[in-house]
Amino acid sequence: MMAEDQVIVGLEVHCQLDTKSKLFCGCSTDYRSDGPNTHVCPVCLGLPGAMPVLNKRSIEYAMKVAKALNCTVLQESEFSRKNYFYPDLDKAYQITQYDKPLAEGGYLEIESDEGGERRIRLTRIHVEEDPGRLVHMGNAERGKYSLVDYNRAGIPLIEIVSEPDMRSPKEARKFLNKLRATLEYLNVFDSDKEGSLRVDANISIKGNERVEVKNITSYKGVEKALTYEVTRQKNQIRRGQRIERETRHFIESTGITQSSRSKEQEHDYRYFPEPDLRPLQVQSWVEGIVLPELPDARRERFVLQYGCSLNHARTLTGELKLANFFEGVVAADPKGLSTLAATWIADTLIGELNFRSMNLDRVDAAGFTELIGILKQGIITDKSGIEVLRVMLDQRLKNEPTETPTVIVSLLNLAKNSGDTGAITAAITEAINENPKALEDYYAGKGGALNFLVGQVMKKTRGKADPGELNRMLIEALKKKEA
Amino acid sequence: MVTEKDVEHIAELADIGINSGELVTFTHQFNAILDYFDVLDQVKGDTTVTRDLTNIMREDIVEPSLPRDEVLKNAPAQEDGFIKAPRVM
Amino acid sequence: MEVNELSFEPNDRYNAFLTVCKKAPYGKGKLSGMAIAVKDNISTKGIETTCASKILKGYVPPYDAHVVELLRHAGAAIVGKTNMDEFGMGTTTENSAFGPTLNPCDTGRVPGGSSGGSAAAVAGNMVKMALGTDTGGSIRCPAAFCGIVGLKPTYGRVSRYGLIAYANSLEQIGPMGRTVNDVSTLMQVIAGKDRHDSTTYDRPYSHTPVADVKGLKIGIPEEYFGEGVDPKVAGVVKTAIIRLKELGATTVSCSIPSMKFALAAYYVTCTCEASSNLARFDGVRYGPAADTKKSWHEAYREVRKAGFGPEVRRRIMLGTFALSSGYYGKYYTKAQVARENVKADFARIFSEVDLIAGPTMPTIAFKLKEKSDPLSMYLSDILTVPANLAGIPAISVPCGKVNGMPVGLQIMGRPFEDERVIDAAYAYEQAVK
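Protein chains in written order, with numbering that gives the first Met the number 0: chain U, 0 to 482; chain E, 0 to 88; chain A, 0 to 432.
Simulated from the structure, these hints should not be mistaken for laboratory data.
Fair warning: there could be bad hints in the mix.
In silico DSS-like cross-links for lysine-lysine, where the CA-CA straight-line distance does not exceed 25 angstroms [said to hold, decoys possible]:
#1 Lys292(A) x Lys83(E)
#2 Lys368(A) x Lys83(E)
#3 Lys72(E) x Lys304(A)
Could you put the whole structure together from the sequences, leaning on the hints where they help?
Here it is in structure tokens:
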């Protein structure tokens, strides 16, 4: 890549903290399945006279994150008001942190595009409240208006701001995935909750103005939005046009970014310290925070303890649930099962789940563990194993009654006939008789002939034959025939 | 010295409508008041120290929210449990 | 719980009340059955609360301010909501969207402000006590102008939860009454820590006034008797201070050099905070309807132009300007440093004296419509704002008359020494009774 083509990306990531009550009031954060405006009180509705009181757990969670990301918790931090008008903002200001954030500095290690480790520096972490949610109604002819639901107003957020250290959209995705994993390991964040993570990205091509892309609400969206921007900006530069410093919005459905062209007013947020909250002096709490095992440590442990390959370990520990799933599956016999389980989870299961857009939560862990056991005992072939897994997943997906792998193996008659070699012997005889040309080739020493014959026998046994056993029997039969 | 244009800009920032008659009066009054505020230029230093009371927080305990009819009662317009607001698009 | 009802139908000749509760429920307790008026910027569940502004016309809070809850627990009958300068912005109660309140001592004059309705309700004998709020003198000024007693407590001693904020870092709810004893009684009920107000201290008030100033040292700041203070008012206050000396106190003259910055620091701070506090009044969640067919800025501008009076819009704009990009350091930051200077001056003086005394207001009550220029109105707050900037307790107690109009003696104390301030006022009041 030429230096003048270098992509520079920095992210601002907003994550909802998984507390029970809101940041400044006692309203429950568990609002997603309830009707609009059912989780609000004078404080989060911004009623005149109501005052915020800070949720201690939100600060503890944010500090856990700060410690895990190697940030420095400041000796003193405070909340400020960010003043702007928007119908989802109940008080017409957002309580956030401005010149005295909770923590500064820190870094997150990601796997670079070349496979090594890359350190992405962080600028700061601060705590703030989420605004409400707007629904856009009406149409151009009959008039447009908005509907507001303040249930989300006051949900605690942390904003994690990175330095412009990422060099590609792919790195940005990796950063985000690593960040998500870290937050999940810390048990402060639930990535399954809709809208629990939102990203603004700053992106530029070296030597040009930077563009802010807002409104990215999914993990995949980040790479998509940035890839679009890289192409757009490079094309513009190629055509000799200047890149404007501007804010663009990402349209998830079309995958493009659009200039906001908001001439409404320049942003002048008129920050000043929130007079109804007292400053925080919590630096001394950092020492007492006990961090759980984090993704990097767990990855190393998976390599050492289970003999996982680095790639498998990275995949398995990249999501808390996946790592827990793996350890659950191999719990009964870590030595015996781990290599097989790692392959089956990292290479097979994830692919099958993605293909079905299925969540890991829906996989029957006991059933999967049984399947790995069956495979380990050599009762079925790998090919049959995939067939069984697909049946298991499809049953779950369609909400059909589920069957255990053992039952599925027997229903589909997938067990290898290792004891009874009659069927294989018959298939071998048939295959030899039907393919005289291949036979000729084999005796002539052509390498591909044996594989061809193995394939023919496999076909006839519908994959139930164990490949090793089949190979041995076929060679024996061929020897006999020659003699 | 602020001009009528400045005052107009401030009114926009504050989402306060003003008419042209008021603009003249406000600008005049603003300048008198801001002149008076200039005494603050003589104040030395630009930092303050933190007062007592720090780390005032509550435990993460859920408390009842308002019944929805109480939430909507004061809202001038509503629809299906939502509060109706001006368009933003 | 036993609930009774108090009939309350006052002959309100002074336009003291915005809302009257003709049947006011009350329970048992220290204030059982006592008629208490509450300033209309303090939220009362089920009772319209407007801040004397059109923008809150029809707003009925679904919750009680903490102090109102305490009043109800003490058995008080909340009989009505009192008139005020819109959102507390004024010194005369003329800035009410619902007409001015008149001074019961002379209906051609203002009652002072912004708690003019509460002062008139007490001075006009409609209620025994009332709650006011004091951001830059809004309890003490009307107390002085109407000839009653009013206390601005130490900042953080009384919960502001439910007080519709004008300038959070300056204001306190406080008691108003015809006697120091009444003010003290009301203070007993309302003071103390509130978990909903993070700026409150665990400093309840359980004091009974003691008429004793013997051995106390009282500082007399020269700035309180200087330029702009009506010599006749100054004379009456000096006589009152001599009375305190006769009661056993000693006096010493002192100086508050930071007074030079105090008024500017005050107005910068309160307008900055107000510009943010009052941004939420947009006609969406309460108040007059915003036109939802328009874009939000357009709709908000209409609602806020029609809903706010000129002084409120002026202060919102001043604060918006002072916080805006490029001016924050010149105004807001400097105002906060000036505030620290004021605090430091008071701390220095209070290391040598127990109390500070002077006039509450530089003049007697103005005639209606006498003050039309905003700046000259602001200047009349010069003697009251220092206590708000420093967060210290300050009381105004009647100490004589000029031209037939009451004059207030202001006594200020160290932070959390509201008791001592009350005692000194009580000693004076009992001596001149």
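Each hint, compared with the structure:
1. Lys292(A) x Lys83(E): This hinted pair holds, its Cα atoms lying about 10 angstroms apart.
2. Lys368(A) x Lys83(E): 41 angstroms, violated
3. Lys72(E) x Lys304(A): 24 angstroms, holds
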